[in-house]
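From first to last, the protein sequence lines stand for chains A and B. Counting from 1, one number per residue, gives the positions in the first sequence under UniProt numbering. Counting from 1, one number per residue, gives the positions in the second sequence under UniProt numbering.
Watch out, some of these pointers could steer you wrong.
It does not matter which identical chain is meant; a pair holds if it fits inside one copy or across any two.
With a Cα cut of at most 20 Å, we get these calculated DMTMM-like pairs of lysine to aspartate or glutamate [what the hints assert, rightly or not]:
| id | residue 1 | residue 2 |
| --- | --- | --- |
| 1 | Lys288 | Glu244 |
| 2 | Lys254 | Glu285 |
| 3 | Lys75 | Asp172 |
| 4 | Lys32 | Asp78 |
| 5 | Lys156 | Asp234 |
| 6 | Lys293 | Asp234 |
| 7 | Lys75 | Asp281 |
| 8 | Lys288 | Glu69 |
| 9 | Lys157 | Glu52 |
| 10 | Lys301 | Asp234 |
| 11 | Lys299 | Asp223 |
| 12 | Lys266 | Asp219 |
| 13 | Lys299 | Asp234 |
| 14 | Lys288 | Asp217 |
| 15 | Lys299 | Glu187 |
| 16 | Lys2 | Glu187 |
| 17 | Lys254 | Glu244 |
| 18 | Lys266 | Asp126 |
| 19 | Lys254 | Glu278 |
| 20 | Lys293 | Asp223 |
| 21 | Lys127 | Asp151 |
| 22 | Lys254 | Glu273 |
| 23 | Lys254 | Glu270 |
| 24 | Lys2 | Asp219 |
Bear in mind the hints are in silico, worked out from the structure with no lab data behind them. Source: prediction; values computed, not measured.
Number of protein chains: 2
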Amino acid sequence: MKTYITQPTPKINSLLLIGAGLIGGSLTLALKHAGVVRHVIGSGRSATVMDEAVRLGVVDVAVYRDTPEFIHAVKTADVIVLAMPVGQTRAVCELIAPHIQPDTLITDVGSTKTSVYNDAHAALGDKIAQFVLAHPIAGREVNGPAAALADLYVNKKVMICPHAHNHTADIDTIAALWQATGANVYELSLAAHDEIFAAVSHLPHVLAYALMNHVADSDLSTDKFAMAGAGFRDFTRIAAASPEMWRDVCLANKDAILAELDGYLKHAQELREMIAVENSDEMLELFKKASSKRLAWGKEK
Amino acid sequence: MKTYITQPTPKINSLLLIGAGLIGGSLTLALKHAGVVRHVIGSGRSATVMDEAVRLGVVDVAVYRDTPEFIHAVKTADVIVLAMPVGQTRAVCELIAPHIQPDTLITDVGSTKTSVYNDAHAALGDKIAQFVLAHPIAGREVNGPAAALADLYVNKKVMICPHAHNHTADIDTIAALWQATGANVYELSLAAHDEIFAAVSHLPHVLAYALMNHVADSDLSTDKFAMAGAGFRDFTRIAAASPEMWRDVCLANKDAILAELDGYLKHAQELREMIAVENSDEMLELFKKASSKRLAWGKEK
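One chain only, chain A, in its complex shape:
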């Protein structure tokens, strides 16, 4: 995995943010704070949310889709940031595609990358070269522009996932943008990105949802929930996450998640058989391996 060396900080005259929630809003706040961007135009579907985004200074002005102001913003933007849910990538790219100028850079913040690339490519055609995909690894338990923080990305990780059509100078500019927010920037291929996050983020969410439903469906569910303690609490914490968002992630990163889930289920099934035949030694071996990996990982974090 490549780590980016610090790039010269770029100067952006006009940035168009599509989707002014926690993730996109924190990016524009950070860029304004760092003096990187002069003017931020925000676009979103809810007037209430956009009014709030303007009031909080997350964006300077709001524009709405299918208006001349929106088209003007696309035409004059130096950078367009896609920060709406990944499921809307194709529709949004179709909206902006005809108006994107040759010197405009496009980037995104989506938590899956192959699907965003495919959807964007289908809509943008050759202009896909201007789209540098990125994914900041940060979040909060609250959402919307009011949750946005100028320092959300300080010391956080950001993945940049270049594709074959990208130009090095453009990749460097997007890396520099993220570095200006205080983030540490890494480079990953689209496929590696999707496999890695399928394994350490998407899969645990699916497994935690399954455990909650398994316990809830049991005859003794009331007693089980009453007796569940700290281990259960930590294990299932992520099952409280947004069902809509995780449904979208499962659809958008389907192939990688299925591969991880199948690999995981093989490990679980293997442990099941060891318990069934009381293979004490191999069970201990596998538990020891898992425990030592977890202890080592915990020390590094």
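Could you slot chain B onto chain A? The hints should help.
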């Protein structure tokens, strides 16, 4: 599930503690603190541990197995507490069986109950009537007598699991003992206990071990561990737990764990198929159910 009303506090002249670790040691400290017990004799296999237990006041005196002092302690004990790993139940019960007097009560602290009952019954025969099984739901990340705390059980849950041969008065005495430590005492059948803890404690441990091994076995494991964040951290925290202890639990509570694991794997497989065929609506339904259950449970805790 029955909750015990507060019982009159018993007076115990002589208590024999077999296994002077965190769980047993915290019980004797609490009982001494509450003025319930006059004299605590400790038995263990390691002289170093027992010396420490005496020095810390967890026990008043140490005796060693296969000595006349041990036999004398068994013969004169009002209460014998089995607090060694559950895998040793049969061997320890065979040691004490010939010397147990008719008015002596036996109890334990094991985290599985059917296996303890079966092992004890095999060794104790009719004297199983004097054995009231219990399980305190408390722990720390450290072990041994130095980890024992007089207030470990304050406001914690303790399960009492009576069996067909027990007398009500004996069950009440053991309930009263635990209430004297500050714990809230509940009654569960052996089978319900084992099913409940298989679901909310043992199963999550097995699943977390499997995830650590699945990620560790991957070609991208270094990058995956490097990129894993807070969700992964919480989900896998219990995978750092003692491999030996959890191997023993898996063997001792095998049937209940296999039943829970099979039920869980069905839920996981069902979600897998929904992702594979992109059944967006049903997936969202299941995620919503899990999320709302987790949010509701989190509020009660």
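Do the hints match the structure? See the list:
In this assembly of identical chains, the alpha carbons of Lys288 and Glu244 lie at most 20 Å apart only when taken from different copies (8 Å versus 37 Å within one copy). Only between protomers do Lys254 and Glu285 lie at most 20 Å apart by alpha-carbon distance; the minimum there is 18 Å, versus 32 Å within a single protomer. Neither within a single protomer nor between protomers do Lys75 and Asp172 lie at most 20 Å apart by alpha-carbon distance, with minima of 22 Å and 80 Å respectively. Taking the shortest alpha-carbon separations for Lys32 and Asp78, only the intra-copy value of 15 Å comes in at or below 20 Å, while the best inter-copy value is 74 Å.
Taking CA atoms no more than 20 Å apart as the test, Lys156 paired with Asp234 passes between copies only; the shortest distance there is 18 Å, against 22 Å inside one copy. In the homo-oligomer, the alpha carbons of Lys293 and Asp234 lie at most 20 Å apart both inside one protomer (18 Å) and across protomers (15 Å), since each shortest distance falls under that limit. In this assembly of identical chains, Lys75 and Asp281 lie within 20 Å of each other by CA distance neither inside one copy nor across copies; the values are 66 Å within and 37 Å between. For the identical chains of this complex, Lys288 and Glu69 are neighbours neither inside a copy (61 Å) nor across copies (38 Å), given an alpha-carbon limit of 20 Å.
For the identical chains of this complex, Lys157 and Glu52 are neighbours neither inside a copy (28 Å) nor across copies (47 Å), given an alpha-carbon limit of 20 Å. In the homo-oligomer, the alpha carbons of Lys301 and Asp234 lie at most 20 Å apart both inside one protomer (17 Å) and across protomers (12 Å), since each shortest distance falls under that limit. For a Cα distance limit of 20 Å, the shortest separation of Lys299 from Asp223 across copies, 16 Å, qualifies, whereas the shortest one inside one copy, 35 Å, does not. For a Cα distance limit of 20 Å, the shortest separation of Lys266 from Asp219 across copies, 16 Å, qualifies, whereas the shortest one inside one copy, 28 Å, does not.
Taking the closest pair of Cα atoms, Lys299 and Asp234 come within 20 Å of each other both inside a single copy (18 Å) and across two copies (14 Å). In this homomeric assembly, Lys288 and Asp217 come within 20 Å of each other (Cα to Cα) only across copies, at 14 Å, whereas the closest approach inside a single copy is 32 Å. Within a single copy, Lys299 and Glu187 get their C-alpha atoms no closer than 24 Å, and across copies no closer than 40 Å, so neither meets the 20 Å cut-off. With identical chains, the CA atoms of Lys2 and Glu187 are at most 20 Å apart within one copy only, with a shortest distance of 5 Å there and 57 Å across copies.
For the homomeric pair Lys254 and Glu244, the shortest alpha-carbon distance inside one copy (15 Å) is at most 20 Å, but the shortest distance between copies (37 Å) is not. Proximity of Lys266 and Asp126 under a CA criterion of 20 Å is satisfied in neither setting, with 42 Å inside one chain copy and 45 Å between copies. When the C-alpha separation of Lys254 and Glu278 is checked against a cutoff of 20 Å, the pair qualifies only between copies, where the shortest distance is 8 Å, while the shortest distance within a copy is 35 Å. Proximity of Lys293 to Asp223 under the C-alpha cut-off of 20 Å is restricted to the inter-copy arrangement: shortest distance 14 Å between copies versus 33 Å within a copy.
Proximity of Lys127 to Asp151 under the C-alpha cut-off of 20 Å is found in neither arrangement, the shortest distances being 32 Å within a copy and 67 Å between copies. In this assembly of identical chains, the alpha carbons of Lys254 and Glu273 lie at most 20 Å apart only when taken from different copies (11 Å versus 28 Å within one copy). With identical chains, the CA atoms of Lys254 and Glu270 are at most 20 Å apart between copies only, with a shortest distance of 15 Å across copies and 24 Å within one. Taking CA atoms no more than 20 Å apart as the test, Lys2 paired with Asp219 passes between copies only; the shortest distance there is 17 Å, against 51 Å inside one copy.
The earlier numbered hints that this structure contradicts are 3, 7, 8, 9, 15, 18, 21.
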